[in-house]
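**Q** If you use UniProt numbering, the sequence shown corresponds to residues 1 to 383, in order.
No wet-lab data here; the hints were simulated from the structure.
There's no promise every hint is true.
To be verified - PhoX-like cross-link-like pairs, simulated, lysine-lysine; straight-line CA separation at most 25 angstroms:
{"no.": "1", "residue 1": "K157", "residue 2": "K130"}
{"no.": "2", "residue 1": "K179", "residue 2": "K157"}
{"no.": "3", "residue 1": "K227", "residue 2": "K179"}
{"no.": "4", "residue 1": "K220", "residue 2": "K209"}
Said to hold, decoys possible - Restraint-style ranges between C-beta atoms, simulated for each label pair:
{"no.": "5", "residue 1": "D251", "residue 2": "L309", "range": "36 to 42 angstroms"}
{"no.": "6", "residue 1": "Y6", "residue 2": "G262", "range": "27 to 33 angstroms"}
{"no.": "7", "residue 1": "S65", "residue 2": "E203", "range": "37 to 43 angstroms"}
{"no.": "8", "residue 1": "K120", "residue 2": "P18", "range": "40 to 46 angstroms"}
{"no.": "9", "residue 1": "M1", "residue 2": "N292", "range": "44 to 50 angstroms"}
{"no.": "10", "residue 1": "L205", "residue 2": "E3", "range": "34 to 40 angstroms"}
{"no.": "11", "residue 1": "E107", "residue 2": "P18", "range": "52 to 58 angstroms"}
{"no.": "12", "residue 1": "R67", "residue 2": "P18", "range": "27 to 33 angstroms"}
{"no.": "13", "residue 1": "N292", "residue 2": "K91", "range": "49 to 55 angstroms"}
{"no.": "14", "residue 1": "E3", "residue 2": "A259", "range": "26 to 32 angstroms"}
{"no.": "15", "residue 1": "E77", "residue 2": "F253", "range": "49 to 55 angstroms"}
{"no.": "16", "residue 1": "Y6", "residue 2": "D30", "range": "22 to 28 angstroms"}
For each residue, glycine too, the CB sits at the ideal point set by N, CA and C.
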Amino acid sequence: MTESVYLGEEVNISCQIPEKHKVHFCKEDDNHICQNISSSKVTEMSGSSERNEERVVTVSISNVSVRDAGVYWCGAETRDTYLSFISLTTKIQLNLIMAPVVRREGESAEIFCPYDSIYKSKPKSLCKGKCSTRDRNPLSETVREEKETKTDRLTLKDDVTASVFTGSITALTAEDAGKYWCAVTLETELNYLHTHLMVIMNEELNLTKYEGDDVSIQCKHQDEDQKSFCKAHEASMCVKDGVSLETIRDDRFSFSDEASAGVFTVNITDLREEDSGIYWCGDHVITEVHLNIKRGFSMIIIISVCVILLLIAGFTLTVCTLRHERRGDAHSQLPTIPSDELLYTAVSFQKHPEESLSDATVRFSKNEIHSDYASVSHRMRLN
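Given only the sequences and the hints, what does the whole structure look like? Please build it.
**A** Shown next as structure tokens:
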């Protein structure tokens with residue numbers, strides 16, 4: 001059984017032991033002797049099993065460090081009056097994971113391998129794939145007594161003071177991407193820590209689609225078991241925190257694998273505006289995909305027509321309102337109640353000899369016996 005955990009996190013290791021037996025949990029040392037563990041970092045939690053004759057025991061190790069990597073055994077301990085019997089039944093290989101290293105094509109990358117100080121004098125290796133004395137990868141190199149090894153693109157340095165050895169790779173290519181293991185050489189290679197080197201290709205993929213459309217995205221992959229299609233701001237987030245294809249619970253997303261061609265295809269149907277964003281596609285060789293979803297053309301036309309109709313309706317309403325106000329002002333100037341006073345009066349002229357022809361006296365009469373209309377005739381007599 002193998003368990004992997006990130007440095008600094010917590011790991012739970014479970015095993016089954018017979019009911020009413022004491023659990024025995026130990027770790028192998030360099031001499032393959034299993035040393036009993038008693039530490040504040042280790043917590044034992046017991047639970048019942050479906051079978052009455054056995055129970056499940058979980059051992060929790062908190063704040064995992066490089067010292068915790070290695071081989072563990074879990075079993076049962078029985079005692080009689082004078083002797084103790086230990087039966088180790090479950091072997092657990094605990095591997096540590098470093099945060100992924102993400103770089104772009106052509107850049108340089110550094111892979112850090114912290115180790116337990118008891119291994120300061122031991123040869124150390126950095127390998128693409130697991131380190132093995134029988135089958136070494138071309139990029140595998142070993143730091144020995146000289147404390148530094150250098151090839152054309154790979155340099156290994158061992159800082160014994162800090163208990164860290166570092167591998168530096170320059171001019172990264174797609175072939176450099178993959179899973180790297182840090183190992184210490186004892187009787188055999190002890191692969192205790194691994195990390196992922198992810199290389200982002202310089203060639204990006206930019207896609208623009210409309211709402212309701214479908215899209216197919218091809219992704220390269222080298223590892224049969226690992227396929228990743230992740231939406232995140234940074235590629236490094238995809239390893240732990242990104243929304244990956246495996247965690248998407250949406251029927252619109254599907255994928256098909258073409259292993260012979262070294263690609264897999266992600267299909268997204270009925271695209272929506274919220275699907276826009278940055279996607280990281282591949283496994284260790286990553287393609288950056290920018291997906292931009294626009295509103296459909298028909299929707300743009302509908303919105304434009306609605307805006308125009310609203311403007312026309314607003315203009316018509318304004319004109320009608322102004323006309324109504326003008327008519328109201330005109331009607332308010334006419335009398336609406338009949339008047340008791342005369343609208344017209346009679347005028348009579350009288351001629352007096354002492355007056356000149358050009359002057360006349362006008363006298364208004366208030367008697368209501370006069371007619372409403374009167375004519376005035378002015379005659380001149382010639383001497």
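**Q** All the hints need checking, so say for each whether the structure fits it.
**A** Hint by hint, here is what the structure shows:
no.	hint	verdict
1	K157 / K130	holds, 19 angstroms
2	K179 / K157	holds, 20 angstroms
3	K227 / K179	holds, 14 angstroms
4	K220 / K209	holds, 22 angstroms
5	D251 / L309: 36 to 42 angstroms	holds, 38 angstroms
6	Y6 / G262: 27 to 33 angstroms	holds, 29 angstroms
7	S65 / E203: 37 to 43 angstroms	holds, 40 angstroms
8	K120 / P18: 40 to 46 angstroms	holds, 42 angstroms
9	M1 / N292: 44 to 50 angstroms	holds, 46 angstroms
10	L205 / E3: 34 to 40 angstroms	holds, 37 angstroms
11	E107 / P18: 52 to 58 angstroms	holds, 55 angstroms
12	R67 / P18: 27 to 33 angstroms	holds, 31 angstroms
13	N292 / K91: 49 to 55 angstroms	holds, 51 angstroms
14	E3 / A259: 26 to 32 angstroms	holds, 29 angstroms
15	E77 / F253: 49 to 55 angstroms	holds, 50 angstroms
16	Y6 / D30: 22 to 28 angstroms	holds, 25 angstroms
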